[in-house]
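A.B. asks: Here are the chains, one letter per residue:
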Amino acid sequence: MEGVEPADRDLVAQCQNSDEAAFDTLVRRHQQRAFNVAYQLLRNREDATEVAQDAFVRIYRNIESFRGECEFTTWLHQIVVNLAHNKHRWWQRRGRALTVSLDAPVETADGSMAGQTPTTGGGPDDEAAKAEFIQTLSAKMAALPVQFREVLVLRNVENLSYEEIAGVMKCTVGTVKSRIARARDALRESLKHE
Amino acid sequence: MSNCRDIEKDLSALIDGELPGERQAEVIEHVDHCPQCSRRVAELQKIVAGITALPAAQPPPQFLADVRRKLRVDKPTWVDTLFRPVWWKLPLEAMAAILVIAGIAILVQPAQRPAPVLAKAESAGRSAKILSSEPAEKVSPAAADRMLGVLQEPVSPPAASQPQVAMTGGSKLPELPETLVIRGDSVVTVRLRVENLAKELDGRVESGAPTNAFLVYLPQSKVAAFRTQVRGSKAAVSLAVAAKEVAPAKAEPVVGVKVVVEP
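In order, the protein sequences belong to chains A and B.
Quick note: the first sequence, position 92, residue 92 per the numbering used here, numbers continuous.
Quick note: the second sequence, position 42, residue 42 per the numbering used here, numbers continuous.
If you are wondering where the hints come from, they were derived from the structure by calculation, not from laboratory data.
All figures in this text were calculated on a predicted structure; none of them were measured in a lab.
Incorrect hints may have been included.
Think about it this way: if two alpha-carbon atoms lie no more than 25 Å apart in a straight line, the pair counts; the simulated BS3-like pairs of lysine-lysine are [said to hold, decoys possible]: (1) B:K9 <-> A:K170; (2) A:K170 <-> A:K87; (3) A:K192 <-> B:K46; (4) A:K170 <-> B:K70; (5) B:K9 <-> B:K46; (6) B:K199 <-> B:K222; (7) A:K130 <-> B:K46; (8) A:K87 <-> B:K222; (9) B:K9 <-> A:K192; (10) A:K87 <-> B:K70; (11) A:K192 <-> A:K130.
Throw the hints in and build the complete structure from the sequences for me.
C.D. replies: As structure tokens, this is what we get:
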């Protein structure tokens with residue numbers, strides 16, 4: 001039927017039959033998701049671009065091994081999180097810690113800009129306060145241990161369920177629940193000192 | 001009613017709607033009556049809203065083109081295919097290599113034993129050893145040919161038409177009853193000369209590092225020519241034919257001559 005987007009699993013099947021166009025469609029469909037997750041974990045556009053692109057390269061090379069036991073997006077998240085984790089450790093070994101200044105603007109696609117949140121009908125003061133809060137929150141998140149950032153991004157940026165996060169991180173739902181609770185508590189404590 | 005400490009650990013899951021029904025009702029009831037936990041829920045909700053509102057970062061416009069370029073440039077090499085990831089492929093391949101080498105060694109071992117023709121010659125004890133300072137002229141071609149007759153023993157046929165004899169295995173020469181002794185030249189010089197001569201006569205010299213004793217394999221019909229030409233050199237002192245292998249009916253028999261260089 002014309003106009004209906006093919007499902008991910010159909011595109012994967014086409015890729016497995018050497019359909020290059022199907023792979024391009026998969027990349028176009030999920031590049032924003034892959035890049036954003038990588039960016040929220042690494043807070044650096046260059047690193048995030050490299051990680052997200054390498055994730056698709058890895059998918060292309062291993063497409064034959066994908067048997068559809070999980071969603072394509074779960075597989076993509078797994079690879080992006082793993083590569084971002086590796087990149088983070090790589091920088092740690094070289095002494096570059098992930099830190100975001102409280103004064104630093106929240107970075108977006110077009111470069112740097114202050115954090116913008118959806119308008120909820122508040123006045124200009126409310127908007128300014130909200131933007132400032134998001135800026136602070138962004139910096140505090142960057143200071144969290146990487147495993148805390150991972151669960152928070154997967155839960156609140158990617159909107160995955162606990163079970164889906166457990167699938168991505170290859171751990172139990174109990175671990176995910178406990179890690180999310182600890183990560184938010186850590187953020188809450190950290191924000192108290194502002 | 002549950003205490004706050006027991007409830008706190010479930011507040012995040014409550015916000016996410018990830019608590020089972022019964023537990024959810026229990027936690028909600030507590031929060032409704034506990035100002036401290038209620039405040040905590042509000043703080044957590046604010047944090048969740050803040051993370052959700054983080055601006056989504058957009059990938060660069062040439063993202064797909066760059067992925068395509070990487071797929072072309074980062075094409076895995078044979079090294080990548082064979083050895084990566086190193087942590088599991090290399091040990092596995094090393095083990096496989098050891099097994100293959102061990103297997104080959106076991107298979108090759110019988111072939112390295114002295115050939116029947118040479119062993120027979122030794123056991124026969126019919127030594128016609130002329131490894132001495134006596135001039136080569138004292139051993140006539142006819143006598144040498146007779147020796148060949150003594151040593152004639154059928155062996156398995158060679159695989160190719162190229163002259164072949166039973167190999168002696170490495171550089172260790174069997175005790176041959178007949179030997180050509182050359183004096184006055186260095187091992188390398190003699191070896192080079194003999195190699196050239198053997199090549200001209202469709203023969204070959206046993207491979208391996210130059211030592212003072214080595215075998216030359218020649219077609220039987222070329223032995224006389226070899227004898228004459230080697231004898232023509234100033235250093236040739238004595239010569240005898242060492243061993244002979246009878247090749248299949250159509251192929252010419254090949255003869256081994258032991259050359260010893262003495263200072």
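A.B. asks: Now tell me, hint by hint, if it's right for this structure.
C.D. replies: Results for each hint:
Restraint check for K9 of chain B and K170 of chain A: the C-alpha separation of about 22 Å stays at or below 25 Å, so the hint holds. Taking the CA atoms of K170 of chain A and K87 of chain A, the gap is near 19 Å; set against the 25 Å cutoff, the hint holds. Restraint check for K192 of chain A and K46 of chain B: satisfied, since their Cα atoms lie roughly 13 Å apart, inside the 25 Å limit. The suggested pairing of K170 of chain A with K70 of chain B is violated, with an alpha-carbon distance near 28 Å, which exceeds 25 Å.
Annotation: proposed proximity of K9 of chain B to K46 of chain B holds, straight-line Cα distance about 17 Å (limit 25 Å). The suggested pairing of K199 of chain B with K222 of chain B holds, with an alpha-carbon distance near 11 Å, which does not exceed 25 Å. This hinted pair checks out: K130 of chain A and K46 of chain B have alpha carbons roughly 10 Å apart, not beyond 25 Å. This hinted pair does not check out: K87 of chain A and K222 of chain B have alpha carbons roughly 73 Å apart, beyond 25 Å.
Note on K9 of chain B and K192 of chain A: the hinted pairing holds, with a Cα-Cα distance of about 19 Å set against a maximum of 25 Å. Simply put, K87 of chain A and K70 of chain B have alpha-carbon atoms about 18 Å apart, close enough for the 25 Å limit, and the pair holds. At roughly 16 Å between alpha-carbon atoms, K192 of chain A and K130 of chain A fall within 25 Å of each other, so this suggested pair holds.
Hint compliance for this structure: hints 4, 8 are not met, and every other hint is.
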